[in-house]
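J.: Below are the chains, spelled out letter by letter.
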Amino acid sequence: MSSETIEKDAKKKSRVAEEAEERDEEEEEDGDEADSDSDSDSDDSDDDVSDDAATRPMSMVDTMAKEKVALDRPGSARMVWTITRRELAAYFNSPITYIVISASMIGLGLYFYMYKGGFWQVDRVTMQRMFDFLPFALCALVIPLFTMRTLSDEKRVGTIELLITMPVKDSEVILGKYFAALAIVSVQLALVVLYPVAMFKWPWRLGELDWGAFWVGMLGLFCLSAAGTAVGLMYSAFTESQILSFFATMLTLTLLYAIGNVSAVESLQGWLGDAVAFISLQSRFEPFSRGLLDSRALVYFISIAVLCLCVAFHALERRKWT
Amino acid sequence: MSTDVMIYASGLTKRYGSFKALDDVSFEVAKGEVVGFLGPNGAGKSTTMRILTCFISPTSGTAKVRGHDVFDDTLAVRASIGYLPQRAPLYLEMTVYEYLEFAARVRNLDPVTFKKRARQVIEICGLAQSLSKEIRHLSHGYRQRVGLAQALIHDPPILILDEPTSDLDPNERSEFLNYLKQIGKDRTVLLSTHNLKEVEAACARAIIVSRGRVVADGPLDEIRAKSGRVRYIVSVQESAGDAPYRGKGPLPRQSEVEDALSKLPGVTKVVELPTDERAHSYELAGEDGIDLRPEIFRLVADKGWVLLELHRDTQTLEDVFRQLTIGDARRNRQLGPVKEDDRDADHYDEDEEDEDDEEESDDDSDSDDDDGDDERNER
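Protein chains in written order, with the numbering used here: chain B, 78 to 399; chain D, 5 to 383.
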């Protein structure tokens with residue numbers, strides 16, 4: 078859709094919304110009466126229409142006078158929140174959520190403390206090892222598992238039809254689902270914070286952690302998740318199969334992460350190496366893990382998220398044409 | 005045109021690749037009408053409904069709901085519609101109450117209104133016992149009730165129901181139809197089904213689609229009359245058994261009766277009906293204009309036979325439906341004219357029927373507007 082038409086749409090919508098607001102205000106003045114008389118809605122609109130019809134010249138194209146419709150829908154933010162809430166409830170209803178979260182907590186714990194001598198071998202107060210492991214776990218498992226069902230399952234079961242034929246914008250559906258998936262991934266990240274808290278604050282005090290650097294790392298993980306979740310949602314919007322969506326997301330994210338493997342980049346010379354370093358999730362995340370706030374990386378993560386959400390939006394719109 | 009038109013479709017065409025699911029479908033539904041949307045499977049009923057509810061877009065043509073275009077003004081359209089898709093796809097992990105609450109929240113009902121509406125809707129749909137059950141544990145019939153409940157929760161002026169009764173048992177079905185009559189008084193309902201009895205019970209008007217085209221549109225009586233044919237059932241006594249034979253002359257032979265009947269002017273077809281030893285029964289087809297009963301009686305009386313039954317019968321909706329949709333399907337499958345034995349179901353020649361079909365569809369396109377006007381005038 079070109080920007081012009083979008084603008085036009087937006088204008089139309091805002092006009093409708095204004096009308097609706099006017100109507101709402103009228104109704105509020107009526108107060109309880111209007112509430113108690115549920116039929117008053119349709120009666121009102123009928124009157125409006127007959128007025129319109131009297132004044133408006135009839136053309137061949139516009140054969141019907143537009144009936145004023147009380148656009149009974151919440152504001153966009155509330156609508157997104159409604160959808161997010163429903164999605165979150167669905168997440169917490171599904172055993173997959175608990176399995177994924179607990180499995181990755183155990184995995185992280187084992188890697189952090191046991192693998193190759195673990196944390197004790199490093200002999201420094203740092204969470205660096207966690208930031209080596211977590212991005213990879215997020216890319217390979219957590220994000221693909223959490224995003225695989227968002228849209229593909231709705232398409233398979235057909236619930237999307239009922240959802241989208243309610244007065245919901247496609248963009249609100251996409252955003253609602255995105256925020257819900259991101260929230261679940263964030264829950265996972267929040268639980269991870271328990272590890273350093275337990276080690277360095279309470280009940281053990283193994284030393285003074287550089288909390289600033291740690292939070293920057295967590296922010297990096299969050300941004301990485303924001304981008305990854307959008308990628309997963311995009312694939313989910315394209316297919317009816319959860320499995321397909323899972324593998325597509327996993328492959329894309331792990332590939333994007335793995336090509337940044339420093340040795341690979343070093344062996345690539347010139348523009349190719351630069352390009353690889355530019356698109357790799359790992360080389361973008363790397364400064365965060367060292368406690369550096371890299372604004373270019375932030376822009377990179379946000380761009381990926383926005384781009385993928387736009388693509389997902391259009392994938393959802395595509396149903397209209399195929 | 006009047007503003008009473010709630011649903012307006014003009015020249016809707018939908019292509020899936022090379023397959024034409026809808027081909028120039030046009031109709032109007034006025035305020036307060038309950039319209040049955042009929043057609044065999046794959047005729048394009050659901051496609052039409054999905055276009056009207058903004059789920060998909062037509063390849064060409066326009067559709068408007070309350071004057072709002074389904075493409076440009078989708079939110080206004082969707083806000084005025086309550087829609088129940090085929091097979092009621094619901095979120096299985098939610099409870100019935102949660103689902104209704106979710107639907108209400110999306111429709112921006114405040115909690116007080118929601119509670120009030122929910123109480124009505126739950127009573128109407130008979131969901132009081134299952135409110136706290138997860139939808140995955142409900143039978144299909146109950147899921148359909150929940151689907152209906154969510155379509156009614158915001159008290160929409162227009163209801164679009166895609167096969168709402170397909171999973172209901174006969175009791176639920178008649179209950180639902182009663183209810184439909186009730187709500188149809190001040191609402192516009194478009195209801196798709198392939199159960200013709202339901203249409204006859206609940207709708208005053210039907211639109212019949214076949215292979216993506218509207219083949220009939222109008223009040224039920226008009227559609228029934230459309231075929232322009234009348235059936236006569238004639239039974240003549242074959243053997244008297246123990247009782248004394250009351251006729252003159254010998255007992256009639258089967259071929260004798262059949263010949264005599266088919267020679268009557270105005271009779272287009274004679275088919276023997278299965279009966280026991282005691283009677284010869286025939287079904288005659290005649291033209292709508294002429295009443296053949298006097299002729300048949302005269303013939304039987306002159307021959308001295310005993311007439312056991314003579315019965316005139318305009319066609320049922322079912323006959324018309326079959327007639328309107330079968331020929332079309334066959335043509336699309338590129339089968340030749342129908343053989344005699346294939347056609348036990350209806351007793352007309354394929355050629356004749358083809359002509360009929362075409363006439364009817366022409367009539368449709370011409371009389372579409374008139375129909376609408378008439379209905380409005382009545383109102």
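Check before you lean on any hint, since a few could be wrong.
Here are the simulated DSS-like pairs of lysine-lysine, each with C-alpha atoms no more than 27 angstroms apart in a straight line [unchecked claim]: (1) D:K252 - D:K189; (2) D:K24 - B:K232; (3) B:K397 - D:K24; (4) D:K137 - B:K232.
In case anyone wonders, no lab produced these hints; they're calculated from the structure.
J.: Run the structure past the numbered hints and jot down the numbers of the failing ones, going up.
T.: 1
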